[in-house]
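Enquirer: Now for the letters of each chain:
2 protein chains.
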Amino acid sequence: MTIDEAKKIYLDVREKNNAFGLCFYLNGLDIETECAPGGCLDYRSKQLSVIDSLLYDMNTSENYKKAVETLNENKASLDCDLAHEIEVSANNMRDLALVPKDEYLKYSELVNKAYPAYVKAKAESDYSVFEPYMDKIVKYLRKYVKWVGRDGKEGYDVLLDKYEPGYTAKDYDKFFDLLRQKLVPFIKKIVAKTPDVPEFAKKLYPKAGQVEFCEYLRHVMCFDNEYTGVLESEHPFTTNNGSHDVRITNHYHEDLMSSAIFSAIHEMGHGLYELQIDDKFEGTNCSGGASLAMHESQSRLMENMVGRSLEFWQIHFPKLKEIFKEQLDGVSCEDFYRYANRVEYSLIRTEADELTYPIHVMIRYEIEKDLISGKIDAKDIPTVWNKKYFDYMGIRVPNDKNGCLQDMHWSDGSLGYFPTYALGSAYAAQIYDAMSKDVDIPASVKSGTVRALEDWLREHLHKYGASKYPKELLKIATGKEFDPNYYIDYLIKKYSDIYGI
Amino acid sequence: MTIDEAKKIYLDVREKNNAFGLCFYLNGLDIETECAPGGCLDYRSKQLSVIDSLLYDMNTSENYKKAVETLNENKASLDCDLAHEIEVSANNMRDLALVPKDEYLKYSELVNKAYPAYVKAKAESDYSVFEPYMDKIVKYLRKYVKWVGRDGKEGYDVLLDKYEPGYTAKDYDKFFDLLRQKLVPFIKKIVAKTPDVPEFAKKLYPKAGQVEFCEYLRHVMCFDNEYTGVLESEHPFTTNNGSHDVRITNHYHEDLMSSAIFSAIHEMGHGLYELQIDDKFEGTNCSGGASLAMHESQSRLMENMVGRSLEFWQIHFPKLKEIFKEQLDGVSCEDFYRYANRVEYSLIRTEADELTYPIHVMIRYEIEKDLISGKIDAKDIPTVWNKKYFDYMGIRVPNDKNGCLQDMHWSDGSLGYFPTYALGSAYAAQIYDAMSKDVDIPASVKSGTVRALEDWLREHLHKYGASKYPKELLKIATGKEFDPNYYIDYLIKKYSDIYGI
Chain A
1 MTIDEAKKIY
11 LDVREKNNAF
21 GLCFYLNGLD
31 IETECAPGGC
41 LDYRSKQLSV
51 IDSLLYDMNT
61 SENYKKAVET
71 LNENKASLDC
81 DLAHEIEVSA
91 NNMRDLALVP
101 KDEYLKYSEL
111 VNKAYPAYVK
121 AKAESDYSVF
131 EPYMDKIVKY
141 LRKYVKWVGR
151 DGKEGYDVLL
161 DKYEPGYTAK
171 DYDKFFDLLR
181 QKLVPFIKKI
191 VAKTPDVPEF
201 AKKLYPKAGQ
211 VEFCEYLRHV
221 MCFDNEYTGV
231 LESEHPFTTN
241 NGSHDVRITN
251 HYHEDLMSSA
261 IFSAIHEMGH
271 GLYELQIDDK
281 FEGTNCSGGA
291 SLAMHESQSR
301 LMENMVGRSL
311 EFWQIHFPKL
321 KEIFKEQLDG
331 VSCEDFYRYA
341 NRVEYSLIRT
351 EADELTYPIH
361 VMIRYEIEKD
371 LISGKIDAKD
381 IPTVWNKKYF
391 DYMGIRVPND
401 KNGCLQDMHW
411 SDGSLGYFPT
421 YALGSAYAAQ
431 IYDAMSKDVD
441 IPASVKSGTV
451 RALEDWLREH
461 LHKYGASKYP
471 KELLKIATGK
481 EFDPNYYIDY
491 LIKKYSDIYG
501 I
Chain B
1 MTIDEAKKIY
11 LDVREKNNAF
21 GLCFYLNGLD
31 IETECAPGGC
41 LDYRSKQLSV
51 IDSLLYDMNT
61 SENYKKAVET
71 LNENKASLDC
81 DLAHEIEVSA
91 NNMRDLALVP
101 KDEYLKYSEL
111 VNKAYPAYVK
121 AKAESDYSVF
131 EPYMDKIVKY
141 LRKYVKWVGR
151 DGKEGYDVLL
161 DKYEPGYTAK
171 DYDKFFDLLR
181 QKLVPFIKKI
191 VAKTPDVPEF
201 AKKLYPKAGQ
211 VEFCEYLRHV
221 MCFDNEYTGV
231 LESEHPFTTN
241 NGSHDVRITN
251 HYHEDLMSSA
261 IFSAIHEMGH
271 GLYELQIDDK
281 FEGTNCSGGA
291 SLAMHESQSR
301 LMENMVGRSL
311 EFWQIHFPKL
321 KEIFKEQLDG
331 VSCEDFYRYA
341 NRVEYSLIRT
351 EADELTYPIH
361 VMIRYEIEKD
371 LISGKIDAKD
381 IPTVWNKKYF
391 DYMGIRVPND
401 KNGCLQDMHW
411 SDGSLGYFPT
421 YALGSAYAAQ
431 IYDAMSKDVD
441 IPASVKSGTV
451 RALEDWLREH
461 LHKYGASKYP
471 KELLKIATGK
481 EFDPNYYIDY
491 LIKKYSDIYG
501 I
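For the record, the sequence lines run as chains A and B.
Position 253 of the first sequence, counted from 1, bears residue number 253 in this note's numbering, the numbering being contiguous throughout.
Position 167 of the second sequence, counted from 1, bears residue number 167 in this note's numbering, the numbering being contiguous throughout.
A few of these clues could be false.
Given that identical chains are not distinguished, each listed pair holds provided it fits within a single copy or across any two copies.
Unchecked claim - Straight-line distance between alpha carbons at most 25 Å, and here's what the computed DMTMM-like set of lysine to aspartate or glutamate pairs gives: (1) Lys207 to Glu232; (2) Lys7 to Asp52; (3) Lys8 to Asp57; (4) Lys153 to Asp407; (5) Lys207 to Glu254; (6) Lys280 to Asp42; (7) Lys189 to Asp380; (8) Lys120 to Asp151; (9) Lys388 to Glu62; (10) Lys188 to Asp177; (11) Lys16 to Asp52; (12) Lys8 to Asp52; (13) Lys463 to Asp42; (14) Lys46 to Glu5; (15) Lys494 to Glu73; (16) Lys113 to Glu15; (17) Lys46 to Asp57; (18) Lys493 to Glu334; (19) Lys162 to Glu15; (20) Lys463 to Asp52; (21) Lys16 to Glu62; (22) Lys7 to Asp42; (23) Lys106 to Glu15.
Bear in mind the hints are in silico, worked out from the structure with no lab data behind them.
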């Protein structure tokens with residue numbers, strides 16, 4: 001096969017993969033937002049399976065394999081973006097080929113059935129309903145890491161690398177050790193000094209006003225162009241089809257106004273990343289963000305480092321007060337700032353504050369590691385979970401629903417995903433530090449929009465899309481290797497200031 | 001090829017066609033409802049073209065052709081539903097094979113470009129912007145009917161048959177002749193007696209109240225189960241993915257409250273048809289309604305014959321009045337009933353009343369017929385259009401936007417589609433007559449929901465899906481061949497009563 005022949009085959013399959021991507025994009029969006037409650041079940045799953053199986057055949061065909069191998073062997077002659085995606089595709093293909101086909105298909109079926117079982121288990125707050133599925137998932141993944149492991153990567157490393165290429169348990173251990181040593185005792189001190197929930201935060205904030213303020217925030221966040229949209233869903237998320245169709249969702253709780261505000265800023269952080277990726281990557285495998293943690297860094301940077309800063313609220317609190325005159329009567333910008341940075345131990349990861357959030361992730365990381373190594377089994381999860389929540393945060397988990405069943409990630413076999421959430425916050429701190437050398441961030445935030453920050457992020461990070469590995473990209477953006485101390489230092493400084501420690 | 005081999009190939013292609021159908025369904029829904037304004041353009045069209053071209057290859061492959069031919073030759077040995085869809089597929093495939101491939105692809109491209117040109121022309125109210133495209137479309141269709149014509153069907157017949165199988169220009173001529181003779185002079189008399197728009201209809205009706213009443217109507221129309229949903233779009237429509245996911249849309253005009261009410265009833269008529277199709281047809285080509293006119297019969301029956309009846313408003317007007325206390329103060333049910341059945345000559349088809357509506361369709365039918373026969377060309381359309389509107393209704397068309405550019409159908413080459421709209425109303429009258437022999441319709445409507453009507457429609461019509469040709473199905477449902485006199489008689493009786501003629 002000549003390089004040109006190989007390229008033709010590769011590009012043809014890529015084009016089809018991307019075309020089918022539209023269907024998965026629209027389906028996900030519809031199911032989470034507007035779909036009739038009964039409208040997304042049997043028939044639709046059957047249709048999606050047919051497309052899945054077409055994709056499987058296409059991406060494992062002998063012809064395609066040969067094309068990718070040919071290109072991978074001749075990477076030097078390709079342009080660097082294509083060379084990068086070929087390397088990634090070759091790795092994915094090699095992994096897929098190492099999995100026995102019957103096991104692969106059996107596992108796909110298992111995962112399809114596991115999600116409804118998880119939903120049922122959560123609704124009934126009974127882990128035992130989900131346990132048989134989780135047990136099979138864990139057992140499959142233990143086999144999977146054996147089939148696929150290579151190049152010194154083994155066990156849990158294999159999974160971690162799937163979600164954040166280039167990171168092993170050794171990297172994460174170093175990171176979480178630092179958190180355990182420096183952050184965990186610091187958080188304990190802060191939590192002890194945390195103020196009560198202020199009276200204004202206990203009031204009701206009608207949805208219409210929240211929607212109005214979030215629309216206002218779209219201008220602030222430069223997320224108000226013709227390629228963007230905001231919908232409603234149970235849990236906020238961001239999704240996109242290329243860089244010209246980026247949708248975020250939100251959920252408005254009248255009794256917890258801060259939720260929609262910070263969700264909006266968080267999701268717009270994700271959304272801006274996608275919007276700012278170079279158009280030249282459209283339709284290639286270099287479109288989209290570089291990795292899960294890199295994506296999360298962009299949402300966390302905006303939500304926590306910008307959106308929970310004092311200068312942000314100095315400019316935008318008057319608008320919030322104008323909308324909620326009655327509820328915020330007598331409340332100062334500083335009151336609101338302190339409320340937005342309240343710290344407390346809590347049960348639910350997605351509702352956790354900036355400071356305690358990584359503890360939730362660390363607990364999941366520790367459990368996943370032990371599951372894959374065989375130190376614990378699926379049946380042990382609730383006990384281990386509850387013990388860790390008590391040991392790290394001193395809180396008692398009242399039931400499985402608010403404990404080990406709170407997140408859906410394990411139900412689709414996504415072990416190795418959670419750690420990227422914490423890593424993302426750490427990236428964010430390092431990126432923020434680098435940006436602050438070029439941009440006067442507080443002054444920019446005070447200008448009323450985050451335009452200057454976005455411009456910097458586009459040039460130093462966003463525009464590259466997925467054409468670089470995350471470690472490489474972090475180095476491009478910050479000039480340095482990943483260093484979690486930026487994150488620890490940032491958190492300790494910020495919360496020491498606020499809490500006067 | 002054995003029958004079993006042929007069946008396997010046929011079912012495999014059908015399954016893939018249906019799976020891709022999900023993508024088109026979701027895309028259409030998204031573009032018309034929630035899509036970001038710039039989010040549905042270039043990239044998405046490219047993705048859809050890739051899927052389109054996959055479909056084309058699949059549905060014209062030698063293997064598939066042979067399978068369909070084998071099955072069609074052995075129809076007698078198949079179950080009757082499969083035999084029916086094989087006959088339809090064989091016809092479609094034969095038509096496709098008669099079109100030279102290069103012409104087919106060129107035409108697809110033309111049609112893709114014609115729509116944006118049409119949108120521009122309409123925005124500028126300037127037919128000349130669209131004329132070059134329309135000219136090419138007409139010229140292609142004149143060739144198309146020559147390539148595909150057979151079995152005594154030629155010219156415009158070929159197109160008519162595509163949209164309403166079994167109907168030729170001869171059938172439609174008979175139908176429209178009757179309208180011209182009996183209805184056109186009758187309408188003239190009615191219009192002369194039509195009352196002014198009542199004061200209450202000129203008031204503003206806030207959207208929230210309209211939404212509340214339309215939600216109430218979902219219960220009335222039995223369209224409130226877990227498989228249904230209501231969204232907003234510029235123009236109301238119905239769409240579905242199988243029978244377990246049926247979405248309607250609406251548009252709320254605060255200065256024209258009747259619009260959303262009758263749109264809701266109309267679209268729910270379409271939606272109920274889809275919901276009540278037998279589950280056994282899911283994933284087959286017998287799913288969906290039997291034809292365009294049959295679908296329209298179900299929406300028109302509900303909108304006009306049920307939704308604009310006096311007994312309907314005797315039951316539901318109090319609810320409307322409860323929501324719009326101020327606006328409807330002093331208005332009686334009879335006032336509202338007369339308003340809902342006001343008749344007047346007007347410019348826009350989609351906003352026309354029940355009685356003048358078929359005149360709008362007839363005008364389009366006459367123009368299409370002359371375009372295909374070559375009696376007129378694309379350049380003549382505005383002149384001819386305006387003359388007919390004056391001749392039939394005595395009104396002057398002020399501009400192209402409100403004249404020949406008001407509908408988008410011609411921009412995608414759908415000549416032959418319009419007549420099904422008028423035919424649908426005529427089917428509705430015949431079906432209503434048959435139903436009234438089994439069901440006391442006024443009493444059922446007064447019961448508060450249309451459940452009894454829906455049950456009758458399911459058993460006599462809906463459940464068959466597309467497993468019958470429309471003429472066949474009409475005979476099953478009504479026991480008779482199509483007879484447009486039911487329609488004429490119904491209209492003349494209803495409006496003679498209301499207008500005291």
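Enquirer: Each hint needs a verdict: does it hold in this structure or not?
Expert: Here's how the hints hold up against the structure:
| no. | hint | result |
| --- | --- | --- |
| 1 | Lys207 to Glu232 | both (12 Å within a copy, 19 Å between copies) |
| 2 | Lys7 to Asp52 | both (23 Å within a copy, 22 Å between copies) |
| 3 | Lys8 to Asp57 | both (18 Å within a copy, 18 Å between copies) |
| 4 | Lys153 to Asp407 | neither (27 Å within a copy, 62 Å between copies) |
| 5 | Lys207 to Glu254 | both (6 Å within a copy, 22 Å between copies) |
| 6 | Lys280 to Asp42 | between (38 Å within a copy, 13 Å between copies) |
| 7 | Lys189 to Asp380 | neither (31 Å within a copy, 84 Å between copies) |
| 8 | Lys120 to Asp151 | neither (40 Å within a copy, 58 Å between copies) |
| 9 | Lys388 to Glu62 | neither (48 Å within a copy, 63 Å between copies) |
| 10 | Lys188 to Asp177 | within (16 Å within a copy, 88 Å between copies) |
| 11 | Lys16 to Asp52 | both (12 Å within a copy, 11 Å between copies) |
| 12 | Lys8 to Asp52 | both (22 Å within a copy, 20 Å between copies) |
| 13 | Lys463 to Asp42 | between (40 Å within a copy, 20 Å between copies) |
| 14 | Lys46 to Glu5 | between (34 Å within a copy, 23 Å between copies) |
| 15 | Lys494 to Glu73 | neither (49 Å within a copy, 79 Å between copies) |
| 16 | Lys113 to Glu15 | between (30 Å within a copy, 22 Å between copies) |
| 17 | Lys46 to Asp57 | both (17 Å within a copy, 22 Å between copies) |
| 18 | Lys493 to Glu334 | within (18 Å within a copy, 74 Å between copies) |
| 19 | Lys162 to Glu15 | within (23 Å within a copy, 32 Å between copies) |
| 20 | Lys463 to Asp52 | neither (30 Å within a copy, 31 Å between copies) |
| 21 | Lys16 to Glu62 | both (17 Å within a copy, 22 Å between copies) |
| 22 | Lys7 to Asp42 | between (38 Å within a copy, 24 Å between copies) |
| 23 | Lys106 to Glu15 | between (28 Å within a copy, 21 Å between copies) |
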